[in-house]
Amino acid sequence: MLKVEEQQPVEFSPALITKFDEISNRYPEGKQKSALLPVLHEVQAELGWLSARAMDKVAEYLKIEPIEVYEVASFYSMYFLKPQGKYMLEVCRTGPCCLVGAEKLMDHIEETLGVKEGEVTADGLFSWRGVECLAACGFGPVLQIGPEYTFYENLDEQKVDTLIADLRNK
Amino acid sequence: MARKLLLEHINVPGINTLDVYRQKGGYRAVEKALKTLTPDEVVEEVKKSGLRGRGGAGFPTGMKWSFLAKPEGVARYLVCNADESEPGTFKDRYLMTYIPHALIEGMIVASYALGAKTSYIYVRGEMMPQIRILERAIAEAKAAGFLGKNILGSGYDLELYVQPGGGAYICGEETALLESLEGKRGNPRIKPPFPAIAGLYGCPTVVNNVESIAAVVPIINEGGDEYTKIGIGRSTGTKLISASGNLVRPGVYEIELGLPVEEFIYSDEYCGGIANGKRLKATVAGGSSVPVLPANLTLKLANGEPRLMSYESLSEGGFATGTMMGSGGFIAFDEDQCIVRNTWNFSRFYHHESCGQCSPCREGTGWMEKVLHRLEHGHGKMSDIDLLVDVSRKIEGNTICPLGDAAAWPVASAIRHFRDEFEWHVREPLKSQETNYGIAKYAEPIAKAEVTTDN
Numbered sequence: 001m002l003k004v005e006e007q008q009p010v011e012f013s014p015a016l017i018t019k020f021d022e023i024s025n026r027y028p029e030g031k032q033k034s035a036l037l038p039v040l041h042e043v044q045a046e047l048g049w050l051s052a053r054a055m056d057k058v059a060e061y062l063k064i065e066p067i068e069v070y071e072v073a074s075f076y077s078m079y080f081l082k083p084q085g086k087y088m089l090e091v092c093r094t095g096p097c098c099l100v101g102a103e104k105l106m107d108h109i110e111e112t113l114g115v116k117e118g119e120v121t122a123d124g125l126f127s128w129r130g131v132e133c134l135a136a137c138g139f140g141p142v143l144q145i146g147p148e149y150t151f152y153e154n155l156d157e158q159k160v161d162t163l164i165a166d167l168r169n170k
Numbered sequence: 171m172a173r174k175l176l177l178e179h180i181n182v183p184g185i186n187t188l189d190v191y192r193q194k195g196g197y198r199a200v201e202k203a204l205k206t207l208t209p210d211e212v213v214e215e216v217k218k219s220g221l222r223g224r225g226g227a228g229f230p231t232g233m234k235w236s237f238l239a240k241p242e243g244v245a246r247y248l249v250c251n252a253d254e255s256e257p258g259t260f261k262d263r264y265l266m267t268y269i270p271h272a273l274i275e276g277m278i279v280a281s282y283a284l285g286a287k288t289s290y291i292y293v294r295g296e297m298m299p300q301i302r303i304l305e306r307a308i309a310e311a312k313a314a315g316f317l318g319k320n321i322l323g324s325g326y327d328l329e330l331y332v333q334p335g336g337g338a339y340i341c342g343e344e345t346a347l348l349e350s351l352e353g354k355r356g357n358p359r360i361k362p363p364f365p366a367i368a369g370l371y372g373c374p375t376v377v378n379n380v381e382s383i384a385a386v387v388p389i390i391n392e393g394g395d396e397y398t399k400i401g402i403g404r405s406t407g408t409k410l411i412s413a414s415g416n417l418v419r420p421g422v423y424e425i426e427l428g429l430p431v432e433e434f435i436y437s438d439e440y441c442g443g444i445a446n447g448k449r450l451k452a453t454v455a456g457g458s459s460v461p462v463l464p465a466n467l468t469l470k471l472a473n474g475e476p477r478l479m480s481y482e483s484l485s486e487g488g489f490a491t492g493t494m495m496g497s498g499g500f501i502a503f504d505e506d507q508c509i510v511r512n513t514w515n516f517s518r519f520y521h522h523e524s525c526g527q528c529s530p531c532r533e534g535t536g537w538m539e540k541v542l543h544r545l546e547h548g549h550g551k552m553s554d555i556d557l558l559v560d561v562s563r564k565i566e567g568n569t570i571c572p573l574g575d576a577a578a579w580p581v582a583s584a585i586r587h588f589r590d591e592f593e594w595h596v597r598e599p600l601k602s603q604e605t606n607y608g609i610a611k612y613a614e615p616i617a618k619a620e621v622t623t624d625n
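Quick note, the sequences are listed as chains Y and A, same order. Quick note: the first sequence uses this note's numbering, first residue 1, plus one each step. Quick note: the second sequence uses this note's numbering, first residue 171, plus one each step.
Chain A with its partners taken away, still in its complex shape:
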């Protein structure tokens, strides 16, 4: 059995309460950090651990913390990004629902490390039940002396608040989140300045994902070096993977980074294979924004070696034959699913969620949705396929925030790997309304010569 650092006690009855959480060793990290470590030593442990941001970007958390400006007399803030909305991703909601104190404890340790006296957990507004759960957990922690004035006699004061969002995917982008927390529309800010210099209310701010904050707890308990013993290479530790789509057992799994993708999909310890005895056609390995891969490139690298669940292995081959770890939202498509339809669905999502600030994204996502709609509904032209590639290229890299890239990549990658399925929709407009293209050659071992690097 793989080691579990975050979900080890998930099935313990009452683990959502402070008492049971403490019986299972909870709040040891707060005691250790506040009583025996300086803030800089906490940052150092996290740096040593090699923990990479679990929200999607994969930037080393300890390094992000060390960039925080510390001017005299200016407040510093820690804001937890719990605006989980990346299609395919549902790990943070799961963690907050069942082990809220793991996040609260991580917030206290991280706030101490950064010298924040007030911290916020920005939770997407639709997660009202989770907001109530967190508020209850905060009240419990406060009553037990883990929050408030002079925590555990250390002289350190911290207030922790939950802030609801209003329903906007864009607020998962850290500067849009800060705008939203200031009571404004979620329009991403131009960087620099980065939040580490000028974030919430213009003050130095760190924004971290729920899972990154929760991972700080085992790192402080066991030490950063111990954390690096799990995982592979620069992908240290464990990662929560949200598995969805046509799987026997979808759900949230904690894996040791480096697990072979094939084992994750087919072993009984994890997803248990493809549902209803069908075959795997494609996957989106890291949330809707990352490139979609056919089954063959999901399981194996272009050179035939097994692909692993790690930041490096998932992105091996670049966008020509690889994808990204992203937020760990693993979506499996069986042989009956239509790639064109799913790409249209995702495009509609990005069009709906574009904040409208940058014209390439505002206009481009709308056009991609329209063109994909007509392809999917039997009114497409052969030239539409290259038109989509062209539009996607004009969005990518030309916007203030990464939503533009996130909208462009699923479309570009779908055409890169499934062009014949798109062409079939144009050639067989009537047939494509009644039946699907099927698995075709997408699960067959790939010949190196077939790997193209265009688009």
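Just chain Y, same shape as in the assembly:
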């Protein structure tokens, strides 16, 4: 069962801080707020989601107000503001993928995992959701899995079954 304590203090690892520093150096002096989106990706890759505590720490690091982090994290669709399964299957649900079977594939994933869109399986391993166009319309249906955003193209039910089985046994 996935358990993340919201009140647990968040500590960023030295490796993560080094990464933040490297990102911040890409921008001119005084424009370090530009690092916000890439830094949030790094935090989410390490912690799995963005808790208020984690966002406060990011604000502290970038010397900006916490609200500046919250408003960004809540605007963009890639940031998770609550815990997700270890593997979040994001299936493209936009027009061209639907022409080649994306809706049926989402039904199949829901049935296979036994959870509704946005929910987490009891073992904490899987979540799934439909997302908007992933720019691979000619190779649909497609899905991606963060934090590396590994990409799977030309999917059918059998390929998805194999993928889920492989992830379970990992």
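Just to be clear, a hint being listed does not mean it is correct.
To be verified - With a straight-line cut-off of 20 angstroms between C-alpha atoms, the simulated DMTMM-like cross-links for lysine to aspartate or glutamate are: (1) A/K354 / Y/E42; (2) Y/K82 / Y/D123; (3) Y/K104 / A/D504; (4) A/K448 / A/E614; (5) Y/K19 / A/E305; (6) A/K287 / Y/E29; (7) Y/K104 / A/E604; (8) Y/K33 / A/E329; (9) Y/K31 / A/E349; (10) Y/K19 / Y/E60; (11) Y/K33 / A/E349; (12) Y/K57 / Y/E46; (13) Y/K63 / A/E349; (14) A/K312 / Y/E22; (15) A/K319 / Y/E29; (16) A/K205 / A/E392; (17) Y/K104 / A/D506.
Unchecked claim - Cβ pair distances, simulated, as ranges: (18) Y/Y70 / A/G474: 54 to 62 angstroms; (19) Y/T162 / A/L600: 33 to 41 angstroms; (20) Y/T162 / A/S437: 32 to 40 angstroms; (21) Y/A15 / A/N181: 37 to 45 angstroms.
What the hints assert, rightly or not - One side only, chain Y facing chain A, incomplete, derived with CB under 10 angstroms: (22) V39; (23) S77; (24) G140.
Derived by calculation from the structure, the hints in this document are not laboratory data. From the three backbone atoms N, C-alpha and C, an ideal C-beta is built for every residue, glycine too.
Guided by the hints, dock chain A onto chain Y, whose structure is given.
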């Protein structure tokens, strides 16, 4: 065989590496530009080429560059728009995946032309694999002396960085992209001032699409005049077309502008026809934002002449009988597809992606999605059809950025050309849940009298 300028070497093993890319003539444009041309001469070549922005707007790239303000002592920026998210479009992802150095090389030449010392490639966040590919390519280019201080002994310095987005279609709009790059929500800015005057960090900035930047490489290698020999009229050069939907061979194709649409869909050199032996019902020729056309108007103009893949021919007839080149996202619908369902799907997309800044778009996209949902699911009323047209008209032209228009056009055009299919959904609410309206008369040669100009 058509000439290929961008994808010529796509199948060469290892073309994603600097070594193989150079063996195939890569980085010649950087050497030529930095060693033999002044920045203004580079701009002049691009102007001469007639290259038009490949991201969707089709604005001449050279002209955009010439508008860049150059106040003394103020930094200038080049930002590449790699936030490819227009439904139906996947050419930039393809190019970055397989030939990343084509973009890096174009960025160096374009940055030199504009006098930018720091440039950014803003890649949509979901494309993490492509971000890694570009970062590797940048490291290779830097190690080979094509980036960094005093490139090739020219005295020109350039640093190039990749910036990930956070998952927001709106950041493909250039001012929203700049807001996002500054670490903020992707709310488009009011123009003027245009980015050429006040862009990134308030400095003069040019924002160009991936394909536009990559096209600069052959333009500099061969010369702008040579580029105009390909294509037709004001649609010069080649264009990457992303083909998707019910086609035998969907994928990314580089075409010479001016290719007949019919040849693109049916010839074996391109899409190879409609999949599973079915007939073509409709197309969206330039990405989800452009008007949908029935098969007959896709293949032929209203006057019966063949329609071509060019900026002018695709928009021939205005919105009454034409569409737009847009980003080149070509979506084909076979006879079994439901136009109402697809229009609802696209409306949901725009509702989801509206930034919420302007009320006509924020509210209107939501209402269009709701009304289309009930039409598609058998709860619609006949008056809903005109209601949709009315809402779409109240969004169009009334928003800060073009997302409003992009949300309105697919709905308005679907009703313009497929009104009888919408009406059928109202008349046959149960039947429409089990079966589709079919191809009806959408592939039949169109009589001029049937062409209406309302809505």
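**Message:** Just to be sure I understand the hint, the distance between the Cβ atoms of Y/T162 and A/L600 should be within 33 to 41 angstroms; is that true here?
**Reply:** Distance hint for Y/T162, A/L600 holds at roughly 38 angstroms.
**Prompt:** Holds or violated: is the Cβ of Y/V39 closer than 10 angstroms to a Cβ in chain A?
**Reply:** Result: holds, 9 angstroms to nearest chain A Cβ.
**Asked** Hey, Y/K63 versus A/E349, does the alpha-carbon distance stay inside 20 angstroms?
**Response** holds, 18 angstroms
**Request:** Mind checking the alpha carbons of Y/K57 and Y/E46 for me, to see if they're no more than 20 angstroms apart?
**Result:** Roughly 14 angstroms between the alpha carbons, so the hint for Y/K57 and Y/E46 holds.
**Request:** Compare the distance between the alpha carbons of A/K205 and A/E392 with 20 angstroms, and conclude whether the hinted pair is satisfied.
**Result:** holds, 16 angstroms
**Asked** Can the restraint linking A/K354 and Y/E42 be considered satisfied, given a maximum Cα separation of 20 angstroms?
**Response** holds, 17 angstroms
**Request:** May I ask you to test the hint 37 to 45 angstroms on the CB atoms belonging to Y/A15 and A/N181?
**Result:** For A/N181 against Y/A15, whose Cβ atoms are near 39 angstroms apart, the range 37 to 45 angstroms holds.
**Message:** Tell me if the straight-line CA distance from Y/K104 to A/D506 falls inside 20 angstroms.
**Reply:** holds, 16 angstroms
**Request:** For the hint on Y/S77, just tell me whether its beta-carbon gets within less than 10 angstroms of chain A.
**Result:** The hint holds - Y/S77 has a Cβ within 10 angstroms of chain A, the shortest such distance being about 4 angstroms.
**Prompt:** Between Y/K19 and A/E305, does the CA-CA distance stay at or below 20 angstroms?
**Reply:** Measuring from Cα to Cα gives roughly 14 angstroms; hence the hint holds.
**Prompt:** For the pair supplied as a hint, A/K319 and Y/E29, is the alpha-carbon distance within the 20 angstroms limit?
**Reply:** holds, 19 angstroms
**Distance restraint between A/K287 and Y/E29, which requires alpha-carbon spacing of 20 angstroms or less** = Holds. A/K287 to Y/E29 sits at ~14 angstroms (cutoff 20 angstroms).
The structure shown violates none of the earlier numbered hints.
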